[in-house]
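We have chain A; now place chain B onto it with these hints.
Chains as they are written, first to last, in our numbering: chain A, 3 to 174; chain B, 63 to 166.
Calculated directly from the structure, the hints in this document are not laboratory data.
The structure presented is a predicted model; accordingly, all values stated were derived computationally and were not measured.
Treat each hint with caution, since some may be false.
[Said to hold, decoys possible] Listed next, the in silico DSS-like pairs over lysine-lysine satisfying Cα-Cα at most 25 Å (straight line):
id : chain 1 : residue 1 : chain 2 : residue 2
1  : B       : 153       : B       : 165
2  : B       : 165       : A       : 141
3  : B       : 154       : B       : 165
4  : A       : 136       : B       : 153
5  : B       : 153       : A       : 165
6  : A       : 31        : B       : 154
7  : A       : 31        : A       : 96
8  : B       : 153       : A       : 141
9  : A       : 31        : A       : 82
[What the hints assert, rightly or not] Not everything, but these chain B residues come out facing chain A in the computed CB check (under 10 Å):
id : residue
10 : 80
11 : 85
12 : 89
13 : 112
14 : 123
15 : 129
16 : 148
17 : 164
18 : 165
For glycine and all other residues, C-beta sits at the position ideal for the given N, C-alpha and C.
For reference, the chains in residue letters:
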Amino acid sequence: MTFSGEFFASMVLALVAIIGGVLLLNLNKVVHMVVALIFTFVSIAGIYILLSAEFVAAVQVLIYSGAVTIIMLFGIMLTKPYDESEEPTGKWRKIILAIGIVGFAFAVYLGIYNFDIPQVQTVLHENNTMQIGKAIYSKFIIPFEFVSVLLLVALIGAIVLAKREDKEGEKE
Amino acid sequence: MSSVPASAFLALALILFCIGLYGALTKRNTVIVLISIELMLNAVNINLVTFSKYGLNPSITGQVFTLFAMAVGAAEAAVGLAILMSVYRNKKTVHIDEMDEMKN
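Okay, chain A solo, but in the shape it has when bound (with noise of 0.2 Å):
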């Protein structure tokens, strides 16, 4: 392992994703862990460049650090979390829960420190956008026409049931 820009770029990169959720799990208002997410999706975008996956990248910072962003700023400011009180049930269940993550971490770790597979040459860099419109187009095609269908249905129920239903009420 050698001291390259490409190193110390995801070490950066990673140490801010890290910082992002951690301040998540901190922080007290809401609207602020929102707002330190983003600094966690923008350096995912990046770890993604270092990937060699330009396309996704560009697609992560107009969907999550965006889009998803947004709406659930909106949902925050439309809901008032007027009662931001410590929660009552108490410590113990975060502690066990803690270790329960911790212990699920390491086993995890276990199988990944020393992952080590030779590293084959890739042209995922060269024309990324082309390769995946080709890739989608011809041998995705079905899941992409279905991933359609699954905006729509998304679309038009999130509207239903968003919809205020007092209708009924108002013309009495």
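What follows is chain B alone, placed relative to chain A:
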């Protein structure tokens, strides 16, 4: 060839997944629970992109799957927020431990 080992990216994804899991299981505000689930989805996406470059036979398929997962995640966020709005209108609460209509 890259100087960063693949296990570094996998470890980053593992840490983010654990943060998201802890947040989803301990936070009280439903919006934060939803956004923690988004964080877990992102961790899984990092794994997919990593293996699309460092796997045994690297190909573009991992990135295409990441795009599909993002579409599903965005749809899930929208529907989750709509359900939250509906619950908030009826119960005036966003706390996840007070949404227990289906309990009895």
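So, going through the hints one by one against the coordinates:
Under the criterion of a C-alpha separation no larger than 25 Å, the hint pairing residue 153(B) with residue 165(B) is consistent with the structure, at around 15 Å. Distance hint between residue 165(B) and residue 141(A) is unfulfilled; the C-alpha atoms sit about 45 Å from each other, more than 25 Å. Proximity of residue 154(B) to residue 165(B) is assessed by CA-CA distance (about 18 Å); at most 25 Å being required, the pair is judged to hold. Using a Cα cut-off of 25 Å, the hinted pair residue 136(A) and residue 153(B) is violated, with the two alpha carbons roughly 48 Å apart.
Distance restraint check for residue 153(B) and residue 165(A): the Cα-Cα separation of roughly 16 Å lies within the 25 Å cut-off, and the hinted pair is therefore satisfied. For the hint linking residue 31(A) to residue 154(B), the alpha-carbon distance of about 19 Å falls within 25 Å, and the restraint holds. For the given pair, residue 31(A) sits about 19 Å from residue 96(A) by alpha-carbon distance, which is consistent with the 25 Å threshold. For the hint pairing residue 153(B) with residue 141(A), the CA-to-CA distance comes to about 47 Å; that exceeds 25 Å, so the pair is violated.
Restraint check for residue 31(A) and residue 82(A): satisfied, since their Cα atoms lie roughly 12 Å apart, inside the 25 Å limit. Proximity of residue 80(B) to chain A holds as hinted, the smallest CB-CB distance being about 5 Å (cut-off 10 Å). The restraint placing residue 85(B) at the interface with chain A holds, with a minimum CB-CB distance near 6 Å, inside the 10 Å limit. The beta carbon of residue 89(B) comes within 8 Å of a beta carbon in chain A, closer than 10 Å, and the hint placing it at the interface holds.
Satisfaction of the interface hint for residue 112(B) is found here, the shortest Cβ-Cβ separation to chain A being roughly 6 Å, below the 10 Å cut-off. Hint on residue 123(B) holds. Least Cβ distance to chain A is approximately 7 Å, under the 10 Å limit. At about 6 Å, the closest approach between the beta carbon of residue 129(B) and any beta carbon in chain A falls short of 10 Å, and the interface hint on this residue holds. Annotation: residue 148(B) was flagged as interfacial toward chain A, and the flag holds, the nearest CB pair being 5 Å apart, inside 10 Å.
Of the supplied interface hints, the one on residue 164(B) is violated, with its beta-carbon coming no nearer than about 16 Å to a beta-carbon of chain A, more than 10 Å. Annotation: interface hint on residue 165(B) violated; nearest CB of chain A at approximately 15 Å, more than 10 Å.
Of the numbered hints listed earlier, those contradicted by the structure are 2, 4, 8, 17 and 18.
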